[in-house]
Amino acid sequence: MIWIDTLVQGVLLGGLYALFAAGLSLVFGIMRLVNLAHGDLIVMGAYLILVLVTLLGLSPFVALLIAMPLMFALGWGLQKFLLNRTLGDDILPPLLVTFGLSIVLQNALLEGFSADSQRLPTDALTTASVSLGPVTVGVMPLLTFASAIVVIVGLNQLFYRTSLGRAFRATSDDAMTASLMGIKPSNIFATATGLALVIVAIAALYLGLRANFDPSVGPARLIYAFEAVIIGGLGSLWGTLIGGIFIGVAQTVGAAINPEWQILSGHLAFLAVLLVRPRGLFPRAHD
Amino acid sequence: MSILALKNVSKSFGALKVTDSASFDVPQGQALGIIGPNGAGKSTLFNLITGNLKADEGSIHFDGRDVTNVSAMERCLMGIGRSFQIPQPFEKMTVYENLLVAATHGRNQSEGQVQQACATVLEQTEMLRRANTPAGQLSLLERKRLELARAMATEPRLLLLDEIAGGLTEGECQALIQTIKDIHAQGVTIIWIEHVLHALTSVVERLLVLDFGKVIGIGDPDEIMASREVKEIYLGIDV
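Protein sequence lines, in the order shown, are assigned to chains L and C. Just so we're aligned, residue 12 is where the first sequence starts under our numbering, counting upward by one. Just so we're aligned, residue 12 is where the second sequence starts under our numbering, counting upward by one.
Some hints here could point you the wrong way.
[Claimed, not checked] For lysine-lysine, the following DSS-like pairs were computed, each having C-alpha atoms within a straight-line distance of at most 27 Å:
#1 28(C) to 242(C)
#2 103(C) to 195(L)
#3 65(C) to 91(L)
[To be verified] These stretches of chain C come out as covered by chain L in the derived footprint (C-beta under 8 Å, 3 or more residues):
#4 83 to 89
#5 98 to 106
#6 115 to 126
Don't read these hints as lab results, they were simulated from the structure. We put the beta carbon where it would ideally sit given N, CA and C, even for glycine.
Isolated chain L (complex conformation):
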């Protein structure tokens, strides 16, 4: 019985990792930009929600609704005025710039909020649990997982059902040709990063409700996001969810054996997948 419980908790944890990874995957898919500051942006999002909660006395969920447009604007500006300048044939500049951004963000957060760990306030809802047959699961992990599904379904609908989605795919395929058809790649990229940061804000909410955070935890979130994306196969959003679940299950199983093994077993599972399927479980047919 305890094993079923462990598995279910792992699957639900995977939802959180998929949320971490979805924005990373979106940005990489559209402009081949690896954003090394992604984890720090998640942490920054958590602080933003914390500030809104503290200053305005809002529930974290209402604060998220305010944080989402702010994060979109931040992402849009970040891409338009900084990251677009780094894109080109050479893959090094975006890596260096986002690595630098990661350090800047960590230090800015440290300066502004100190190294004390913080947590978003929880209420009755966030601590509630429900019984599903033999196992009892928290409402929050369920909500996290459901949000991941909604984000992935939403992104897929956006990609395949809207003109903005077609512009994303066309620009991803061939930005030069797309620009000949009236698409402005720089704006498309800015919109994509804005959208990625909206997802980051959602991920930040669940990060902050689930566990303590401090300015230094960003890089570890980045690693989990990376692992989920790579296990899933680059460019596949559903694959990203599977990747997240894979790591989540590996971590909870590891922790069930020995609490010290949680993080390690996630990384080991990732290595194991890389050995067997170096292109991930669901690679795109061609890149």
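Fit chain C to the known structure of chain L by using the hints.
Frame of chain L; chain C shown alone:
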């Protein structure tokens, strides 16, 4: 009235002058063919007209407006459409989606109008039955047709065709010629670079010969083809 006018347009890549003081104009509604040996600068000339390349010297007017410093995207929105010599569709998107992308952006049209316009173009270019096929799975003729359809979806008044008949069988070529004739009959001005001469001469009203980036002749197709200069330079026949 001419829809396109080039005045002394030059372009160099390093020491190589690929377009050398090119001057010509294209009257509204005309079909102009461009011929010349490989490396004569034909595709460069197209890139200068579409704005993919910037002219070093000279001026380009489209529809009475100086577009020499106007971006490729804006020229597209003004009505300059083109097909590429090597088809460059968005491979993972369907034929229909390729057209939707071309027809949607920078235009103030509702989704419904855009879909209607794309359906018309699909029919006109005989791609209706392939509408939901990913572009990456098309045959060469279909890819060429998609190039044409995608250019048409931008609702061009000036359509630039770059070797669209190359590599096709005679039957395929004839079918494509008919489609291009139909488009031309609607009043679309066409400039067409082509090595398949009989395809070209069956459509165009005027022929321009390019060699080493220079315009060495422009006029009636029969007269141009009969001229000694063209035979020597272009066809490589020693007369």
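These are the hints, each one checked on the structure:
With a CA separation close to 23 Å, the supplied pair residue 28(C) and residue 242(C) stays within the 27 Å bound. Under the criterion of a C-alpha separation no larger than 27 Å, the hint pairing residue 103(C) with residue 195(L) is consistent with the structure, at around 20 Å. At most 27 Å may separate the alpha-carbon atoms for a hinted pair to count; residue 65(C) and residue 91(L) meet this at roughly 24 Å. Counting residues of the region 83 to 89 of chain C whose C-beta lies closer than 8 Å to any C-beta of chain L gives 4; at least three are required, and the coverage claim holds.
Residues of the region 98 to 106 of chain C lying with their CB closer than 8 Å to a CB of chain L number 5, which satisfies the three-residue condition for coverage. Under the rule that three or more residues need a Cβ within less than 8 Å of chain L, the assignment of the region 115 to 126 of chain C holds, with 6 such residues.
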